[in-house]
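**Student:** Chains as they are written, first to last, in this note's numbering: chain A, 13 to 306; chain B, 3 to 165; chain C, 32 to 823.
In short, the hints are calculated from the structure, not lab data. Don't take each hint at face value.
Negatives, chain C to chain B, calculated, CB over 12 Å [to be verified]:
# : residue
1 : E236
2 : E471
3 : R552
4 : G666
Reference listing, derived: stretches of chain C covered by chain B, where coverage requires no fewer than 3 residues with Cβ under 8 Å from a Cβ of chain B [to be verified]:
# : segment
5 : 38-51
6 : 55-61
7 : 703-715
Ideal Cβ positions, reconstructed from N, Cα and C, are used throughout, including at glycine.
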Amino acid sequence: MKAAAFDYIRPDTLEAVLEALDRAGDEGRIIAGGQTLVPMMAMRLVKAELLIDINHIQTLTGIDTSAESLSIRACTRQAEAAASKEIINNLPLLAKALEHVGHTQTRNRGTVGGSVANADPSAEIPIVARCLDAKITALKKGSERQICAGNFFYSAMDTALEDTECLTEIRFPIWNEEVVGSGFHEVSIRNSDYALVAVAAQLATDSGGICTRAAVAVGGCAPAAVKIDAVGKALVGRPLSDTDFDEACGLVVEALDPDTDVHATAEYRQRVAGRIVRRVLEEARAEVYEARNE
Amino acid sequence: MSEQYLKKINVTVNGVSQVAQIPPRMTLLDFLRDELDLTGSHAGCEHGVCGACSVIHDGAPVRSCLMYAVQADGCEVTTVEGLSHADGTLSILQDCFCETHAMQCGYCTPGMLIAGHSLLQENSSPSEMQIVEAIGGNICRCTGYRQIIEAIALAASRLKEAS
Amino acid sequence: MTEYRYVGKPRRTKEDRRFVTGQGSFVGDIKCRAMKHVALVMSPFPSAEIKSIDASEALALDGVHYILTGTELENATNSLMSGLDLPNYQRYPLASKVTRYAGEWVAAVVADSRYIAEDAAELVYVDYEALDFVVDPEEAIKPGAPIVHPEIGGNIFFQRKFEWGAVDDDFSSADHAISYRARWSRNSTVPIETFGVVAQWNSSEELLDVWASIQMPKYQEQIGNALKLSSNNVRVHYDVDVGGSYGVKRGIKHSVLVGYLSMKLGYPVRLIEDRLENMIGGDAHGPDRIFDVDMAFDGEGIVKSMRMRALDDAGASPGRAPLQLGKPVTAIVGPYRIRSVEYEAISVSTHKTTQEAVRGFGQSPTNFAIEAGIDKVARFLNLDRFEIRRRNFIEKDEFPYEIPSGTSYDSGDYHTVLSKTEKLANISSLLAKRDRIRAEGKFAGIGIATCLEPSGGNAGFEPLFNEKNPTTTWMESCQVKIDLNGSITGIIATTSAGQGHESLVSTVIGEVLQRNPASIRITRTDSLASLPSNSPVGSRMAIMLGGAAQGASEKIRKQLIRIAAHNLQMPVDQLEYGNGDVVTIKEPKNKIEWCELIEIAHRRYHDLPDDMEPGLQARHVWEVPTGGSMPTPDGKVQMYPCYSFEAHIPLVSIDPLTGQVTIHDYYIGHDCGTQINPHIVHGMTYGGIAHGIGAALYEKFEYNDDGQLLAGTFMDYLLPSAHEIPKVKMVDHCTPSPLTPMGQKGSGEGGYLGAPAAIASAVNDALEPLGSEILTLPMRVQDIEEVLCDAI
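With the rest of the complex left out, here is chain A (with noise of 0.2 Å):
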């Protein structure tokens, strides 16, 4: 299991990856903390004839939060992202979603830009930037451009990135509604494993516990992780009550077409699917409640 023969080369600005980039082309291909690339690489299900590590980049790294948005530079390390306290008191979303993301020496190394980039379908990262519309950031020589999480995510290893782009961070959202709530599940096989499904949810309300702003986004029932939207406008000028969740939960199960794998067909990842969602809006609301009596 050992990879094919790459070159490689470690720039120290970001100018000078976007230029090897563009002079690659096709051939070229980021490393960053390398723990998707590396194996699929040395399962040769990767191949690349240029590895660009971007690990000494120091524009890259760093959290940068404003009253509407908190920032992601691609190559902040998952471990110094779970650990940080601007997110946890801004995006507490996010970092729900990060305490299950890998495990202690993958996150050391696994950065968030990585995670985002490398969109698998179950991981934790992508879901809560489709839940929270994230915005994310695309360079090359000469140009750079802002894609919503929306368009960006198309499968494994697929996204709206072109081969000369590099990611360089992600905005999410803040969402600066008096009353705020979150909540985040995964169901797993083993405790690290990839999630069979995984949902997050994000709640806002008015004073009076009518809700403003909802988002629900699933992870692997599809190709790539899927925000509801129907979800979001169907609780939007309720009250949060069981029924209203019941009825979210059914048009879960109606948007999501998962496929079978060896872990869980189907029909379990949809079924359970709408029950996590159930779940996590249980605790979304619970949140809420909770910022209503404070």
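Start from chain A and add chains B and C according to the hints.
**Tutor:** Showing chains B and C alone in chain A's frame:
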């Protein structure tokens, strides 16, 4: 060597600066084992699941099968061989692994020691759950983990006594 | 009970220190000068004709030395051994004309590095023509099914029905009978170290040196036979640390392959399987078994008779797999007084990876099938599952107890072990805990499994399944020597995979000679320098190697006493051995001390008794206790001498939303007679439980309808981590075996032989309120959720 690409690297391994000319596709694990003859780190799955290859890279435990050796250029790496004291005596954690018989075949042991060592560096009195979390990414097929958990807990208490 | 000085005391092992410092010597650590590396080309088809192989591009690659195909290897070597009497059957390390499973090795590449070997393997172009295949064992025995080995004439490797006792009468006179099917899916021990082997041919010596992570009886003879060498041209080095095996490391095809390559090419060749080669093509899968069982019982729950049909999918070749249907004959009624049994064993071939020996050698699946039945009988009669076991247990004063299949159990006290385990578990509070979880809206259940671990076997399943193989011994040996300075060395002839053989042997020698085991060196020699040995299989080393070490040490002790008697001019029976000195019983001052005794033995030939050899060493080759008899025509056989016992009580809950199982508590009572090193026994038992939890809930080599293995990596084949394994609590009991020198029994398979049955029992207790049950392992989340869905 019939390799198309070669790179020169300088890595500090267990406190010793090592300069080598290696192909970029060589994993850090293969570099440690084949080039430096540090065969304590083991290949179990080579795809980042079993943890037998764990080493400490710039202070944090990582999988050495999930890094290319070129990526460690300019970095510091500690392997299981670097856990013993300079005079060859065992570290407290190593000694506790012997005390509770926290192994059988010994193949996952170096990775378990790296995981336990890293935990104890950060947390001097870990709970059982925290120990489980720390070794949760290391698979042992012999022990059912019980005597490993006991060894790490014992080491935590002995380290406290010692300090 | 005998008071021991070292035996049974929690002592540090001899082996651990080298492992914690990274100084173990595993096969991957062996380096020879100019060593070359092998990678394999695997068949993508479950069955295909190999039309041609074009290796020219691969050979042209810089650093590539050779590409070996199946045809060349088949022409140059003899067939690998099969355990069965299959006259036309042949097996070689590489496929030549047809492939018989997806992943089977078709060609081997030899290169300067493993990296380059893999580059070249991608460039070996094989022209295949896909053939029909079958991966379902029940389909495989239907007429018209694709045949894996046409030369055998069908897909049945072995089939035999045994009847022991008056089965039909017992069934017709019983009050009740139940029938059920239990399914044990294909899994294995999957050690963290893959199989590896290094071979180095020395043409001037005509000697093939072999280092391997091996656990295989008659290994050097098998290599010699296949490579057409006398087996004294093969030297297997036993001082290789094996990174886990639990039965499965039988890499004979790997070893013949690299042995051939080294002889052919003239340099050392190494093959260390990577994880894909190991999982898909390493021929290391385990039992894959369908049990159809009938049990006849009376209104009190006393089981009178059992019919069991065990159909096992051996995969593409009959390695030792079919024999794994034979070992359970030795404990076919478990710990129960069932008086008649019909047992039909059917070994079927399919286009799947070849099965090999796995921890317990077929006993754990069989225990699961029996225990499932005992639970079902209890449920049928509305009886307590613990009580029904007590009613059926063999009583402690009935030993030695002969079961219907002709085996005599040595000793046991099943009632006491179960009650100790119940006490440890505090059953009433455990029941209350279960009911509290149930009240929270979850499903919860307590499991019970009471199982036997046959140990120390004499390979009686070999003649039972193949009358041309009259094996009735699996001897083990040890040499002990004491040098001029009084240092003691024990010499053993086996590799170790974590069983702690050096600790075992040094403890036994130390006990007999009353010298500190820490000062005794144990050396693992090679196949040419060693006494006869049969490798550490069948949970046998505490018994067999322990017995051999004891025998050799006792010979030395006698020799020392005789030297003293000769020099003190006293009869032997008036002398006593103590701490190495020999003392006159009546007058303790009159003695000869250790140093002088040794000096006499080594230097003072004139002071030795007339018939005594100089020097101080002794060898002991020990025959398996109760070994030495062939099966009777009706298939009765004494296969294993010693029977350890274990009672498991886990508490589990099931998440009603997801089907996920959580193991809250786990209690085990374990009786393996005298424990030589409790740390080692406990560790193996904890590990066996973890392994059994994997088999019960997680691990499966799943194949799809296209005949492809879906679980070929650690992402898909799910080994339990520390998160999945509960805090097991253990209570020991000791019923010494009357057949072994210190009363020891085997313990290497402990835990694993009951944990799958116990977890299944617990899950089914949780499902009981729904009137549902699952008798297929592993019980995956999707299976459990489906049952919940159907029931609610």
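**Student:** Is it the case that E471 of chain C keeps its Cβ farther than 12 Å from each residue Cβ in chain B?
**Tutor:** For E471 of chain C, whose nearest Cβ neighbour in chain B is about 21 Å away, the distance exceeds 12 Å, so it holds.
**Student:** Decide, holds or violated, for the assertion that all CB atoms of chain B are farther than 12 Å from the CB of G666 of chain C.
**Tutor:** Holds: least Cβ distance 35 Å, greater than 12 Å.
**Student:** Take the segment 703-715 of chain C, compare each residue's beta carbon with every beta carbon of chain B, and decide whether three or more fall closer than 8 Å.
**Tutor:** It holds, with 5 qualifying residues against the three required.
**Student:** Taking 12 Å as the cut and beta carbons as the points, is R552 of chain C off the interface with chain B?
**Tutor:** 18 Å, holds
**Student:** Just want to verify: E236 of chain C was marked as not at the interface with chain B; is every Cβ pair farther apart than 12 Å?
**Tutor:** For E236 of chain C, whose nearest Cβ neighbour in chain B is about 27 Å away, the distance exceeds 12 Å, so it holds.
**Student:** Within the assertion that chain B covers the segment 55-61 of chain C, do at least three residues meet a Cβ-to-Cβ distance smaller than 8 Å?
**Tutor:** holds (count 4)
**Student:** Has the segment 38-51 of chain C got at least three residues whose CB is nearer than 8 Å to a CB belonging to chain B?
**Tutor:** holds (count 8)
Hint compliance for this structure: every hint is met.
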